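Visitor: This is what each chain is made of:
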Amino acid sequence: MKKKIPYRSRNELSDTNSKRVFTRRAVLILAIQTGILSLLASRLYKLQVIDGDKYIKMAKKNFVSKRLLSPPRGRILDRFGTVLANNKINWRAMIIPEETDNVTDIIERFSDLITLDEHDYARIQSNFDHQRRFVPIMLKDFLSRDEMTVIEVNSPNLPGIVIDVGTKRLYPFEDLLAHIVGYVAPPNDKDIAQNGILALPGMRVGRAGIEQTQEDVLCGKAGEVQVEVDSVGHIITELGHVDSVQGQDVELTIDIDLQKDISSVLADQSASAVVLNCQNGEVMAMVSNPSFNPSLFDSGVSHTQWKTWMEDERSPLTNKAVAGSYPPGSTFKPAVALAALEAGTITETTRINCSGHYDYGGSRFHCWNKYGHGSLDLHGALKFSCDVFFYEVARRTGMEAIYNTCKKLGLGVQLPIELTHVKSGLIPTPKWRETYKHRWNIGDTIVSGIGQGFVHVTPLQLATYTARMATGKNIAPHLIRKRNKILLPQSSPMFWSDLNIQPNFLQKVRSGMFAVVNEYRGSGNKAKMDFNGKLLAGKTGTAQVKSVSRALRESGHFNSANLPWKYRPHALFICFAPYDDPQYAISVIVEHGNAAASVAAPLARDMMIATLKRDPAKNNDKEVNKDINSNNNEDTSKDKKVG
Amino acid sequence: MVFEKRLLRPEPNFKILNKLQRINWLYVGLVCLLAMIGYFAQYSAGGGSSYPFAYPQLIKFCVGFVIMIGVALLPPQILVKLAWPLYGLAILLLLAVLHMGHVGKGAERWIIIGGIVIQPSELMKISLVLLLSSWFYKMNWQQMGNPLRLVIPAILVLIPVMLVLKEPNLGTALIIGFIGATIFFAAGMRWYLILLVLVPVPFLFKIVYNHLHDYQKARITTFLHPENDPLGAGYNIIQSKIALGSGGMWGQGYLHGTQGQLNFLPEKQTDFIFTMIAEEWGFTGGICVIGLLLLIVVGGMIISMRSCNQFGRLLGVGITMNFFFYCAVNLSMVMGAIPVGGVPLPMVSYGGSALLTVMFGFGLLISVQVHRNSIFGEEIAKKKK
Numbered sequence: 023m024k025k026k027i028p029y030r031s032r033n034e035l036s037d038t039n040s041k042r043v044f045t046r047r048a049v050l051i052l053a054i055q056t057g058i059l060s061l062l063a064s065r066l067y068k069l070q071v072i073d074g075d076k077y078i079k080m081a082k083k084n085f086v087s088k089r090l091l092s093p094p095r096g097r098i099l100d101r102f103g104t105v106l107a108n109n110k111i112n113w114r115a116m117i118i119p120e121e122t123d124n125v126t127d128i129i130e131r132f133s134d135l136i137t138l139d140e141h142d143y144a145r146i147q148s149n150f151d152h153q154r155r156f157v158p159i160m161l162k163d164f165l166s167r168d169e170m171t172v173i174e175v176n177s178p179n180l181p182g183i184v185i186d187v188g189t190k191r192l193y194p195f196e197d198l199l200a201h202i203v204g205y206v207a208p209p210n211d212k213d214i215a216q217n218g219i220l221a222l223p224g225m226r227v228g229r230a231g232i233e234q235t236q237e238d239v240l241c242g243k244a245g246e247v248q249v250e251v252d253s254v255g256h257i258i259t260e261l262g263h264v265d266s267v268q269g270q271d272v273e274l275t276i277d278i279d280l281q282k283d284i285s286s287v288l289a290d291q292s293a294s295a296v297v298l299n300c301q302n303g304e305v306m307a308m309v310s311n312p313s314f315n316p317s318l319f320d321s322g323v324s325h326t327q328w329k330t331w332m333e334d335e336r337s338p339l340t341n342k343a344v345a346g347s348y349p350p351g352s353t354f355k356p357a358v359a360l361a362a363l364e365a366g367t368i369t370e371t372t373r374i375n376c377s378g379h380y381d382y383g384g385s386r387f388h389c390w391n392k393y394g395h396g397s398l399d400l401h402g403a404l405k406f407s408c409d410v411f412f413y414e415v416a417r418r419t420g421m422e423a424i425y426n427t428c429k430k431l432g433l434g435v436q437l438p439i440e441l442t443h444v445k446s447g448l449i450p451t452p453k454w455r456e457t458y459k460h461r462w463n464i465g466d467t468i469v470s471g472i473g474q475g476f477v478h479v480t481p482l483q484l485a486t487y488t489a490r491m492a493t494g495k496n497i498a499p500h501l502i503r504k505r506n507k508i509l510l511p512q513s514s515p516m517f518w519s520d521l522n523i524q525p526n527f528l529q530k531v532r533s534g535m536f537a538v539v540n541e542y543r544g545s546g547n548k549a550k551m552d553f554n555g556k557l558l559a560g561k562t563g564t565a566q567v568k569s570v571s572r573a574l575r576e577s578g579h580f581n582s583a584n585l586p587w588k589y590r591p592h593a594l595f596i597c598f599a600p601y602d603d604p605q606y607a608i609s610v611i612v613e614h615g616n617a618a619a620s621v622a623a624p625l626a627r628d629m630m631i632a633t634l635k636r637d638p639a640k641n642n643d644k645e646v647n648k649d650i651n652s653n654n655n656e657d658t659s660k661d662k663k664v665g
Numbered sequence: 033m034v035f036e037k038r039l040l041r042p043e044p045n046f047k048i049l050n051k052l053q054r055i056n057w058l059y060v061g062l063v064c065l066l067a068m069i070g071y072f073a074q075y076s077a078g079g080g081s082s083y084p085f086a087y088p089q090l091i092k093f094c095v096g097f098v099i100m101i102g103v104a105l106l107p108p109q110i111l112v113k114l115a116w117p118l119y120g121l122a123i124l125l126l127l128a129v130l131h132m133g134h135v136g137k138g139a140e141r142w143i144i145i146g147g148i149v150i151q152p153s154e155l156m157k158i159s160l161v162l163l164l165s166s167w168f169y170k171m172n173w174q175q176m177g178n179p180l181r182l183v184i185p186a187i188l189v190l191i192p193v194m195l196v197l198k199e200p201n202l203g204t205a206l207i208i209g210f211i212g213a214t215i216f217f218a219a220g221m222r223w224y225l226i227l228l229v230l231v232p233v234p235f236l237f238k239i240v241y242n243h244l245h246d247y248q249k250a251r252i253t254t255f256l257h258p259e260n261d262p263l264g265a266g267y268n269i270i271q272s273k274i275a276l277g278s279g280g281m282w283g284q285g286y287l288h289g290t291q292g293q294l295n296f297l298p299e300k301q302t303d304f305i306f307t308m309i310a311e312e313w314g315f316t317g318g319i320c321v322i323g324l325l326l327l328i329v330v331g332g333m334i335i336s337m338r339s340c341n342q343f344g345r346l347l348g349v350g351i352t353m354n355f356f357f358y359c360a361v362n363l364s365m366v367m368g369a370i371p372v373g374g375v376p377l378p379m380v381s382y383g384g385s386a387l388l389t390v391m392f393g394f395g396l397l398i399s400v401q402v403h404r405n406s407i408f409g410e411e412i413a414k415k416k417k
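Order-wise, the sequence lines are chains A and B.
Per the working numbering, the first sequence starts with residue 23, numbered consecutively.
Per the working numbering, the second sequence starts with residue 33, numbered consecutively.
Hints were generated in silico from the structure; no laboratory data involved.
Since the structure is predicted, the reported quantities are computational estimates derived from the model, not experimental observations.
No residue lacks a Cβ here, since even glycine has one placed at the ideal position from N, Cα and C.
Take the hints with a grain of salt, since some may be wrong.
Among chain B residues calculated to face chain A with C-beta under 7 Å, some are [to be verified]:
| no. | residue |
| --- | --- |
| 1 | 218 |
| 2 | 278 |
| 3 | 279 |
| 4 | 287 |
| 5 | 291 |
| 6 | 315 |
| 7 | 318 |
| 8 | 337 |
| 9 | 363 |
Using the sequences plus the hints, can you model the full thing?
Guide: Here it is as structure tokens:
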């Protein structure tokens, strides 16, 4: 090496050993460096050229994002196509805090253009406290066209404020149908775990009534949009689009006009009424008073509102027609009569003497008429609603037989109605009593004979039982008439089989109920009507909610009208019409209405007249082809883009 | 032979103009070319705009260029005198950064003095090279053979290594250690000693790993299994590989790299600048950059080998090694070959502190080149013999 480098001679002083070793080692270092860089170059070649395709695919996935589009919820219609629940387009002003420098300043400027009230400010503030990054916060919804123009014009001064479109569930009839249609509310985590679509913004889930039971039908299918996004999810361009599918429409059996009529008959009493089509079980109207406004649930109910509802002893949130459980009182007597006829413990000619009271096993049971009815057969017993007759009949028949007949009639069983919180009522049996470690007394059977004691039914069960007795068909009440414009088979009278009770027994009871209303001195004379020759048959019922002591009753000063409201007896009435060709069955209960004959019977008559006038069942035969699509106005958005 | 003629010119006391003439402008040109690539990459990282990266980087480069040429004119006599003060300053700054440094990604690394962001560990690397060179040039071959004489320089290396470890910045601590070791090796440390030191290294690694911070352990585990945590700690590695891969042979075109321009690529203007270049220019662009880096490294090694004095040789090798480590670690990191560790690509990545220290280093290297015929220090070594 020495010889190869000519200037070496100039540096005789240098440490040749060190220099030689250094050169050798520097070459080694350089070789290592070159080697490492070459390795890196070959790795680069592998990544970019050999595996390139694989990574190009991953890159595509990286910047193409699939986003689901929320489907609009299906509508709920009445039997004539009137919209009962709909979606309304909702233009909203939103703010994205990350895109503004000074949020308070922007909101200040915004409020100069669009007025925000204190409620809005409170909501915005609470949204800010729980905001996730880049999730817009709503400033104001239901913007008018003018307001939108004002915002658009001033948009340069309002960085971070965007207008987007959503939908809100609208109930045009508000509290008139609240218990049937139900309401929707924002989904919670549990709902989302069950149905992923609900995680999409703006989705609502049914929380009560039809909205809840028909959730699967109403919900719809999510659409999909493919967009190019950057790493924080900002949309750059849209690549593809599949529209969401709106949920199917659900058409109810309800006639909204009849519902209005029935509701106005009940006025503001705490009451419930059910109108059934006897022939096929369609619920024509179902009213529970008082009611509430279901729209309040869409954006969340305030605490004070909730408290008011909860403290109201007339319980506005409860659908009394299916969730109210009442002692049926004398309206139960036809069922007992049928049970006895079926069991053969009486015949139509069996006579029982009423002396005003009935003594059994040391207890005395009173008839409502303390002077007694004398000797009565079944017809008379129903007509006068004699208690003693049915005490004796019940004792003879026994609770098991009564229970079996009631089951056929729809009492004390869970009816398959498409609603939530449906109660099954109760027809007690000794076996049931024993599960609670109590002994069944004959006295319990005796009071059950007049629909008191443990017996409890719902207004819907009463209407169903009336309809079954009227037609002899095993109809079940239902609320859904069409799904997605297709008529369901249950709407046809042919769908329903015959009741497993001998027709002549039913006829005996029906004629008794006819006598109640139409014969001289019948207990339900006040319900008598003659609508174009169509007559009504029914049965009254006054159900005690508090027992009356013997001393008080015998003092002769007892008058239930003097009791506090919540201890007064319920007033009930069941009826069907026309008598010779039953079409409609109605059950009415006025909570603590005191006297059935004077309170419930006239109401039932008015309702029946209203029903026969409208005759909503007529469109069963000649399918009113009202074009549902013509109602598809701008209220329903075809789809909704998700930001 | 042009070089020969230049070499035979009279050695000492030549004027500034003379020195400027002796600078190997070809080498300076290579450095400037690298800076130019950096400028264009920063322009792309800014989304096709001079701001916020490209223009400020250009200003810093101009400042760095003046420093580089200025340092290049300093003779070794002066550089030796600078060694201790610089080392002391770097140690002080390291201590300062430990107590009031700014935390970035779980590690304290930088400090702001008078509005300038300083990363003391960058300065430390250069001043350590300078100090070790000025320590070893006085030692001749025989003295290098005495292990006891290597104890003090070893301590000089270990002090900054420990301080940087405490920051805690494992990557930089290892690089400082390696640079120190390279100079020991180049200065003529005996092979048996080298082996003696190397044997316990695996055990040392084991101990160090046990003392690693959680975020550092996470880096190592995600490096080994990046797919386990694609949106978390493994995100950087996966996104970098995707960007490189989608570049292909010829690239997606300048300013059109999807991953980089859509911000999927993390820290694309600093650590992952090479990824962005390779995505936009493809393998062709990537191999050109690597080629340029290799040229600069080879040039640096040639400069050191051709120096007539031990000080210049060691200084040159140290500086070149420093530059090489930056490049190798950064490239391995973005290609997913080693755990990600916040090491920039010199001259190309955005950031003033690294740029200025690297250019200061090039200044030293060019000074070695300019003063290669100086027989500075050789008599000392000779006398001691």
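Visitor: Given residue 315/B as an interface hint, is the shortest Cβ-Cβ distance to chain A below 7 Å?
Guide: With a minimum Cβ separation of about 4 Å from chain A (threshold 7 Å), the hint on residue 315/B holds.
Visitor: Quick check on the hint: residue 337/B CB to chain A CB, less than 7 Å?
Guide: holds (5 Å)
Visitor: Does residue 291/B pass the interface check with chain A, least Cβ-Cβ distance below 7 Å?
Guide: holds (6 Å)
Visitor: Holds or violated: is the Cβ of residue 318/B closer than 7 Å to a Cβ in chain A?
Guide: This interface hint holds because 5 Å falls under the 7 Å limit.
Visitor: Have a go at the residue 363/B hint: is there a Cβ in chain A nearer than 7 Å to its own Cβ?
Guide: holds (5 Å)
Visitor: The hint names residue 218/B as touching chain A; please verify it with the least Cβ-Cβ distance against 7 Å.
Guide: Interface hint status for residue 218/B: holds (5 Å vs cutoff 7 Å).
Visitor: Is the interface hint for residue 278/B satisfied, with its Cβ closer than 7 Å to some Cβ of chain A?
Guide: Interface hint status for residue 278/B: holds (4 Å vs cutoff 7 Å).
Visitor: Using Cβ atoms only, decide whether residue 287/B comes closer than 7 Å to chain A, and label the hint accordingly.
Guide: Constraint on residue 287/B not satisfied, violated at 15 Å.
Visitor: Would the hint on residue 279/B be counted as holding, given a Cβ-Cβ threshold of 7 Å to chain A?
Guide: holds (5 Å)
Consistency note: the structure conflicts with earlier hint 4 alone.
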